[in-house]
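Residue numbers (this note's numbering), protein chains in the order written: chain Z, 1 to 498; chain E, 1 to 337; chain W, 1 to 332; chain U, 1 to 357.
Check before you lean on any hint, since a few could be wrong.
[Claimed, not checked] Cβ pair distances, simulated, as ranges:
1. W:Leu19 - Z:Gly128: 32 to 40 Å
2. Z:Asp275 - U:Ile93: 53 to 61 Å
3. Z:Gly380 - U:Ile93: 55 to 63 Å
4. E:Gly292 - U:Ala176: 35 to 43 Å
5. E:Ala115 - Z:Thr376: 42 to 50 Å
6. U:Tyr157 - E:Asn314: 24 to 32 Å
7. W:Thr28 - U:Met243: 43 to 51 Å
8. W:Val293 - E:Lys189: 26 to 34 Å
9. E:Asn314 - U:Ala176: 27 to 35 Å
10. E:Lys62 - W:Gly292: 31 to 39 Å
11. U:Met243 - E:Ser65: 51 to 59 Å
None of these hints come from the bench; they were simulated from the model.
Glycine residues also receive a C-beta, built at the ideal position from the N, C-alpha and C atoms.
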Amino acid sequence: MAGNLLSVEGAYKRFGGVHALAGASLEVSAGEIVGLLGENGAGKSTLVKTLAGLHSLDAGTITLQGRPFSQGNPRSAREQGIAVIYQEPSLFPDLSLAENVFVGRQPTTGGRVDWRGMVSQTQGLFDGLGIDLNPLRPARGLSIADQQMVEIVKALSIDASLIIMDEPSAALSAAEVAQLMTVARRLKDQGRGVVYISHRLDEVTELCDSVTVMRDGATVATAAVAQIDTTQIVRWMVGREITEMFPKFDAEVGDVVLSVKGLTRAGVFHDISFDVRRGEIVALAGLVGAGRSEVVRAIFGIDHHDSGTVSVSGSVLRNGSPSAAMSAGVALVPEDRRLQGLFMPAAISRNIAMTVLARLRSRLLLRGISERRVATDWAGRLQLKYANIEDPVERLSGGNQQKVVLAKWLATDPALLIVDEPTRGIDVGTKAEVHRLLSEQAVRGLAVLMVSSDLPEVLGMADRVLVMREGRLVAEIARADATQESVMTAATISGALA
Amino acid sequence: MVKTSLATKAVAVTLGVLVIAGLTAMPAQAAPKSGLKIAIIPKAINNGYFTAWNKGAQKACKEISATCKYMGPTTATGPAQVAFINQAIQQGYNAIVISAADQNAITPALKKAIARKICIVTSDADITDTKSRTVAVLPASSERIGAAEVDWIAAQIGNKGKVAVLSAAATAANQNAWIEAMKRQLAAKYPNITLAGVYYGDDDATKSAQQYNQILTEHPDIAGIISPTTVGIRAAAQEKKSKGSKVAITGLGLPSEMAPYVLDGTVKEFGLWNPIDLGYVGTMAAAECASGNLKQATGAKFTAGGKSYTQGANGVVYLGDPYKFDSSNIVAFSKIY
Amino acid sequence: MTGRNVASTALKAREFPILVALAAVVVTTGLVNPTFASSEGISAILIESSVIGLLAASQSMLIIMRQIDLSVGSTTGLVAFLVGQNAAANIGVPFAVSVGVGLAVGLVVGVVNGFLIAYLGLPSLVVTIAMLYVVRGVFSHLAGGETITAEQVPAPLVELGSGSIFGVPYLFVCALIGAISVTLLLRYSRWGRDLYAIGSNPEAALRVGIPVARRTFVAFALSGIFTGVAGLLLLGRFSFADATSGLGIELYVIAACVIGGVAIAGGVGTAVGALIGAVLLQTITFALGALGVSQFWQQAVAGALLVLAITFDRVVAVRSARRVVRRVEVLA
Amino acid sequence: MMALQRLRLTAWDRGIVLLLILTLLFGGMSSELFLTGDNLNFVISDVSEVLLIAFPMALLIIVRDIDLSVASSLTLASAVIGITYEATLSMPIAVVAGLATGSLCGLVNGLLVTKLGLSSLAVTIGTLALYRGLCFVLLGDMPISSLPMEWTDLAFYPIGSTFLPWSVVLLALFGALFWYLLHGTRFGRWCYAIGQGEEAAAYSGIPVDRVRLLLFVMTGFMAGLAGLVYTLRFASASPDGAMGYELIVIAAVLFGGVAIAGGIGTMWGVIAAVLVWGASRSLLQLAGFDANALVIVSGLLLLVSVAIPQLISRLREQLGHRSPRGGNPTRGEASLPSGNEVVHPSPAGAGHDQGSN
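Chain Z extracted, bound-state conformation:
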């Protein structure tokens, strides 16, 4: 191919027993935007990390601008011309934007940091991309979109020939996505290669020249965008019928358990009203940043809401009190497992028993043996794979960690189970187990509210799909009517109605 920039061939990478990459390939030409697609766990992020210099391949070749790419060193990857922009930017909040762009390699004149030069170079890069930010302002308080822009500028400042954007749009609003696309096109016009990773197929088809689809660590298809449609892409990504994956049992739908009325938190979400009934799995869909996690956080009481009510089984919950929510029978499996869900250095038993300590006391004394008993019981029920119930939970795999979080909450015998991104970053096998578990809970009579960005999961599991966009509830779609298209349309296009 003329102007071939990057070529990855026959890439293999194994972590322990897991084949993260098993014959992946990727081709990028200068001046081309390639969409890299695949489900969670398909190997995209391993491939990206390899190109960022964080991993080395077990087998396979990487050629960059005709030369072999030297792997395994982030700094060297950058020097060879690859810049990676992650979904969650990691800037230095106290440093100015100019410095964030140039951190560790500030321009110097005679050994002295050339602030003026640095600021004007940054300003130049900002201007070149049409970014309206003051290079002297600190990064603290920037919106995610602006942080992404700074990361892109950072990539440009090292004059990267290949820029990889790992789900850059996940947390952006529609207007911000448009701006991002403009920037991406400008990069392309400058003759750079761009790899664009996204779950939003409409974005990919709009922006990219070609797509590469990965599944189970291997590249399954590469095609020019002009020649294919989204249905084809989804088929490649999933590789089988979606419904097979999701064990959905018929549950008897009963009384209203959760009733949210006019819930508002200024600037975050507005006038949210919906019900969830016994035996029902309701999905809260939408783009990241649409306010879904914020809504469930407010329901559980982590955040205060400004107006509206949350009632569980008929009684109104106290605003901003997780313990009140817990005693009313609400359980929340949070979005960020490591930070919010688990005490990583603590024992598995401690983690599972944490929510039910009040019940474990026997004769005034909280005994470790009762913690272990309840933990072993739940670990068994959830088929948790562990060596010792007192091992620190950080030794478990991601999927098993998620089971610990589920166990911790199911142990409270909740009436309402809220799960936020329940299968993010979990291998396919465990993922199905988690889904089966959620279905079983619904059958047992729990009300389940599920926040998910994983569209197949939403479609496969939910009895009803609620769609949020920019802090508002914009659609309610019954299971029968829920399709990729109907949900995505509601989530992305303003003015669309269900």
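Position chains E, W and U against the provided structure of chain Z, taking the given hints into account.
Frame of chain Z; chains E, W and U shown alone:
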């Protein structure tokens, strides 16, 4: 360089006699037992004044063949001294000579020592509860020390103007007693001298110097500063020397530390008793007590270094008025302590 | 973007309100008690601020990178004592040797701290509390009851402690030079910028390839050298040293940094700010006296002001963060 | 060792308890004065205040906070006790006033930290100066020593015919109480949880700020209680008492195996550490070391207490063991079984019970 006056010689000789007397004098009555174990506890080790104090104590010990251990805390607080009182109790010392860093806090510990038949003598600084020690060997009565310091400063400033006091810690008992005496002396004898304030340097060189500057900032018209503590007067003298102020400085200081300031005119005169004598007499009293020759009783006498000392009320023994140092005698004394 | 703007933005940040507070204290107190604001009064404040100020300036470097050094008080005293002792034991020793001794002692403590913290990964709070005791104990043992008095102090140090240039005491000139050089180092060298980056987001710093351990080690070593200089200043300042020199000043140093706008959470602040904080702390102490506040109230009021300063700083920080967010929201 | 294992101590705590036993044994052998009732009475009295404050300080550091103002709170409580007694001539009222003062000091710290979100290190450096200043405001240059004999005698005489000082009653009572609180209640589990992950704790329904506030108040209260003991022990209330105790307390707690980064530590370790500290001081003193040596040893003990676990973990890494936590895996309250591995490579989980009961 400075001509040694007759008076100086006389004093030097007296001191020498005192020292020699200790070696040669025949004890008048029953001699103290030999082989006593005596703990010498200063307010804090690592302090030049108490090093001199200990010198006297060790001298006494040598004379009576006692084993004396100099032990104490690194910071001058009562509670910190208690650990060393306990050590003396555990190790079966016969007597303790202590300069009380706190007039109250060490009393319970001293009572325990007394219960173990250990003789307690306070030297240099006393405690409030006079029943918790046999005798106190103190430099001079608070009245005399306070009055003398006021007299010195009055002479330097021409009996009028503002003076300030730069003291040690706000809780230092002997300093507070002297300051009260100073106030009485001012009221009685010097109507034209006003007391601008009392400042506390906590016997910390840094803080004392800062307090000196604070005094000058607050009272630019200050005529004199009395610092009844060796750390304070030295810090004040050094500050005056480096800043070139005209304020008169007096108080209680160690001749060896103050000599340069007296010789260059920074300080005209100041005074002190002899800490070596305090340590010496205190240790002798402790030895007498431990030998069963001394009890607390007003009017009772004991000898040390050939000199007889009489207990006043509550077992207090004063060594005599503070001695005044000036350019005529400082050189000779600076070699001694 | 012009250089002037760069400079003004830099100053605008956090030091400005402290300077305003400082000016306010000086002016109001000066109105009540004119000698306070006289050149002698101000000179006295500057002298008293010098040692703490220099220590605060070098401490700011550590706090900016989320570390702390509580051993500085002990080390400063030790340096002062050893330099004096060395000069007294070797009469006629060149002044450069005295300086060398001081800096070397400071450097040794700094290197030990730095090694334990940077390469063994021990928490700096614990290590430096431990070193506070160890250094103080060794110091106390070496010093015994010995005092270093004026005639033992090297003459240039005595001159340093008492002289002034254009009415500004030499001591403060030293502290100012120290603070400005740390500020410039931290502002204009990549090395210095790395410290801010480490303090602002340690994980991201590792990710962009900043050698965090090496930076930490060198910063502690450098801070040790500054502590050595502070010891020389202390000796010059008082022409005196004994086993209690420098006792307990570490908390004043930290307080000066906090007041001077160096965030205890790292990433923010300047050495000059820390020096201004030290001056403000000292000014308040003097002002309370000049206003006739009783000695017994002074510490309480100073403590209350310190708490207020911390609170105020936090409130301002939260406010400005909120303002930024709101502005972004309006733009979006 | 079996008995110790049944107590479910982690490696570090076991080490400290072992060190305590060794110190006592060595002390008894090297000096006949050391294990006398008299000396033990003194050692226990001498550590009373530090130990009383170390109990809550351990919890506070476990939740990743710190209180540097404890010595000042202690002295302020002592001052209030003295003044109230002088004013009312009623010791019970004075004691209540003292304890209330301590608690109030803690409450102020806690409110500043939790409500305003300030760093506890910075706040308590400020209140350290503030509370100490208030002591001088209250007492000026006049320490109060006119306390009733029947109370000061409590600190003076041992219990009955034993050698134990009366402060042992408080130490045992509050030691048991704080042990129970940390190891036997939900509240204790919450403390560990907050220290191990504050956000996860909030997501587990733990009232994080309320727990922290309560711990600050407890610390203040215990400082007040220590103030009472201090006042009685030295039969006086003085504004410059207990100088520098804050660092001793913190050093002792860290020496006891509580990680400064939070989430790790046991009450056993802390109690043993304070006793080791007190015993070794006494031992050194009896052996004729001077005060300077005591200071150096305090510092070295502290340094060793953080360096050794770190070195062990490095060593384990080099030997190819996987370290469960970057920090100090051998000190894990949380990583109890891995603690076992350090001493006994045999599989853990031999049915022993958690929480030392």
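Comparing the hints with the structure gives:
no.	hint	result
1	W:Leu19 - Z:Gly128: 32 to 40 Å	38 Å, holds
2	Z:Asp275 - U:Ile93: 53 to 61 Å	59 Å, holds
3	Z:Gly380 - U:Ile93: 55 to 63 Å	59 Å, holds
4	E:Gly292 - U:Ala176: 35 to 43 Å	48 Å, violated
5	E:Ala115 - Z:Thr376: 42 to 50 Å	60 Å, violated
6	U:Tyr157 - E:Asn314: 24 to 32 Å	26 Å, holds
7	W:Thr28 - U:Met243: 43 to 51 Å	33 Å, violated
8	W:Val293 - E:Lys189: 26 to 34 Å	31 Å, holds
9	E:Asn314 - U:Ala176: 27 to 35 Å	46 Å, violated
10	E:Lys62 - W:Gly292: 31 to 39 Å	54 Å, violated
11	U:Met243 - E:Ser65: 51 to 59 Å	39 Å, violated
In terms of the numbered hints stated before, the structure departs from hints 4, 5, 7, 9, 10 and 11, listed from lowest to highest.
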